[in-house]
Amino acid sequence: MSPLLQGILTVIIGVGGCIGYFWSANFVLDRFIFPAKGPEAGRNINRANAVRPWLFLLPAMLALGLYLVYPVFGSFWRSLFNRAGTDFVGFGNYAQLFGDSEFRTALFNNMLWVLVVPASATFLGLLVAQLTDRLSWGNIAKSLIFMPMAISFVGASLIWKFVYAVDPEIGIINAMRDIIGLSPLDPMQVGFWNNFFLMVILIWIQTGFAMVILSAALRGIPEETVEAAIIDGATPVQIFFRIKIPQIMGTIVVVWTTITILVLKVFDIVYTMTGGNFGTQILPSYMMEYMFRDDGRATAVAFVIMIIVLPVMIWNIVQARKEVR
Amino acid sequence: MAAASDDDGIAGGRSGLSIVTNLSVVFLVVLWLVPTIGLLVSSFRDRDAITASGWWNAPFPVEQNFAVGADGEFEQTPEGWVIEGNLFGEGGSGEVTAFGGRRAEPNAFEPGTTGELVRGRTLTVETNGDFRYVDPAEEEPRRAPTIYFGSEVPPNFTTTNYETILTSAGMDVAFINTLTVTIPATIIPILIAAFAAYALAWMDFPFRGALIAIVVGLLVVPLQLALVPMLQFHNEIGIGQSFYGIWFAHTGFGLPLAIYLLRNYMVGLPRDIIESAKVDGATDFQVFTKIVLPLSFPALASFAIFQFLWTWNDLLVAKVFLPSNSESWVMTVKIADDLLGSRGGDWGILAAAAFVSIAVPLVVFFTMQRYLVRGLLAGSVK
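Chains as they are written, first to last, in this note's numbering: chain A, 1 to 325; chain B, 1 to 382.
Under 10 Å between C-beta atoms, here's a sample of chain A residues computed to sit facing chain B:
id	residue
1	Val11
2	Phe22
3	Trp23
4	Pro53
5	Leu58
6	Gly85
7	Asp167
8	Phe209
9	Leu264
10	Asp268
11	Ala302
12	Phe303
A short list of chain A residues far from chain B (calculated; beta carbon distances all over 12 Å):
id	residue
13	Pro39
14	Asp87
15	Val89
16	Phe91
17	Gly99
18	Phe108
19	Leu112
20	Leu182
21	Leu185
22	Phe241
Note that these hints are calculated values from the structure, not bench results. Keep in mind it's a predicted model, so treat the numbers as computed, not measured. The beta carbon of each residue, even a glycine, is placed where N, CA and C say it ideally should be.
Next comes chain B alone, as it looks inside the complex:
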């Protein structure tokens, strides 16, 4: 690629231009990645951490305010009633950044100083959490005082959100449901489409051109049209809202792209191979199963990835063709219709749920990107 850039032969200012190019690409990539990284980071933080600081601050310690009841008994001394102890409790440790005696001013005093509270009371807190509270009153105070202090909490990442999502929130069921929808809905259209694509690519019969045109036209038919009539049809033939319904629906909706992609690929296969096989006495069926199908593997893989991503990520078809009870929710429906409502404020849970739902497509995407790109190109560039 370096050679290609040399060919552009922009005399002078090339290094300047290339720095600008590099920087703008870096900028765009960062811009594109930031939202997803935010989600990923947030999914590993607990609810308190998420509301206390932005996810972009997650790697840094956070200053949080705490309120603890002074632990211990009052002792009578010449100065008055005194409690001594440590804010972090027995065996605890931490670093106090500020302290105070009132909720309204939790960070009124520096550690190591003595703060004057109301009615002559004083409070001393050291950085390590040791405190000394003095109340000059005559009678023993009834309640131990509450001490407010700020402390730095080290960055804390947790998998609690994922545990919650996968055990109690029902995301595990939704995951299985998504998988259940996806597998048959990906495999079955491939086979049906492959035979049709072969016929459209290599067999000669009347109306072939018209059929190809119809398939191309069907590529853009909005799914919305199919929802009401097909649900009605499913109800009439007795499968109603069920997994069978969604498998059939996805099969039907995926076919135009499948036939189109596969035909485009098969038409490009070398004519010699197919014709010499026919001269040797192979039937169309044999030519298809023994020669064309194995050679079309890349196109089959591209379509499989498309259909997999599309069915896995689909919300519309799942909402309409699957029953609307929680046992049959797929992940997209679970997130959109349940979690966003019932756990709308629980950002950690939402982030973890979203990440569970996009993890598998991302793995597929990064491992099989080559086929995905090839499929896109076959489908769009003619």
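If we strip away everything but chain A, and leave its shape as in the complex, we get:
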């Protein structure tokens, strides 16, 4: 059976199965377990209503538990074992990691990524959002800058491979160097700075995301505050930095953290562009080097990423709890 047919069949079975589950679970609950009739009708309705939320939640909780909660513990547990998974080595994998200079490079580079990419993307996004806010063709401009969001990291990397190509007839960077009389060079092999050339790709993708959200936040600023500032004689620059920015600070933080989390997970760009060579390794791509070869090491790297993400996660949860209350 061709995979596509298999896929369509899976959709039918999956969707049918879900609907079947939800419908029949409800039916059984209301008709047989706690029927709303007989001497205990009232109590049964209450009981059924207490159980029902869990029926609705069950499939999602199973899937989340299996694919996201269990792996946190499963990965940590696995990272305490050796390559084959047979011997308990305690924190041996972690000790090895920190002894490996490539891992330290990856950690250092990841810190660079975390510092540079969210800051640049948020700044550029804010800039574009503010500039396009008053333009008649602003929506078209935003749409075009937003477009890279739809492109895969692999596709984006290929697009930038053309930009960075060594041949001055292909790479626009080297074409410009050629015009001013410099010899061509491979941006991917320029030590240290090559990391920044790779970051440009992710900034190119994420600026649109930051722009869309910040643009909506700018629109949401109450007119009166801006008008009051104008009456008081504030300059546009003052209005932007003293009136608008403080009011959208919350959104800026959300955008910033969202991109930070993304930066810690994206391995595609480094994998496609340099394969982690020339000192451009980052944690996710470093992990893929050990995936399938040394699961103990790979899960240890994954857990290091988890620990870096943890503060953001806790902050998110605290925010969410505040809101629900």
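Let chain A serve as the given structure and place chain B on it in line with the hints.
Quick look at chain B alone, frame taken from chain A:
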């Protein structure tokens, strides 16, 4: 929007400021578009054209150097042995910009002049390609000479790259595989998430707040953690690396965002409608299927687009949960692991492959941008 800019009331210098704003936005947009346009243009050029001139020169004729063997027989004349003919061959046409008799100097002489070659030989080439070669030697030369000339080649766009990619390079299989991964992985989580989101939004039960917090926390769990344990799990339950594995994985990984987006949307639905339906005797199941689900269509659409783009563009999950043979490669894996290695220097092919892989997401993006933006806003701004 013009009215809004008037409200800013920047006295004087407004037109100057607005020109600066316009220009800087134009600059940024161009900067953002140039890389993609480069890819698109390159995908329609053949290998020779790509190496001969930059894609930014693609609309202009290119000067290329050619070498042809003089076609014809030597004839003995008082001047010596002579060959005459046309560089572009019978029925061909073109414009010679320069010519020469040696590989090292293919552009030594202007067309219409007579060039002096070694040992008294001469070569005359006209702009239209007519040439006359004279060798004063006594004996008939053994080989016809090679003539070098430069000529302008008109811009040439071709779909050969796409034909190659889709017929012989296996990109067609990868395309189908991507589609196969994407469809179930987009549809199935929606349904599961919708029920859960309804429960979290409109049903009252203990630990509801804690569950919502857990979902929010799971939003940021790095996928990397799931790779090893879940692959092991798939191997144990017998599905191993297969399409089933990747469908399940994408479903699990997509759920937190789905539940979060849908719950945020459903919580905002008017309370009156739902409560009056319950007063009229509707069960939760009926309220959900008949009222909440249809009203939540925009949120469902936003999540569907997200999940579609994410699964279509994914490389990591596909690399780990799908078999690593060429029949099961999705497009991202095909490009990253195969084409970049085996056809690394063939820029036209790479460009066409990349464009095939990003074409569908781009169409989805431009047609359904409204829902995408709405989803982003629901997911990030609180």
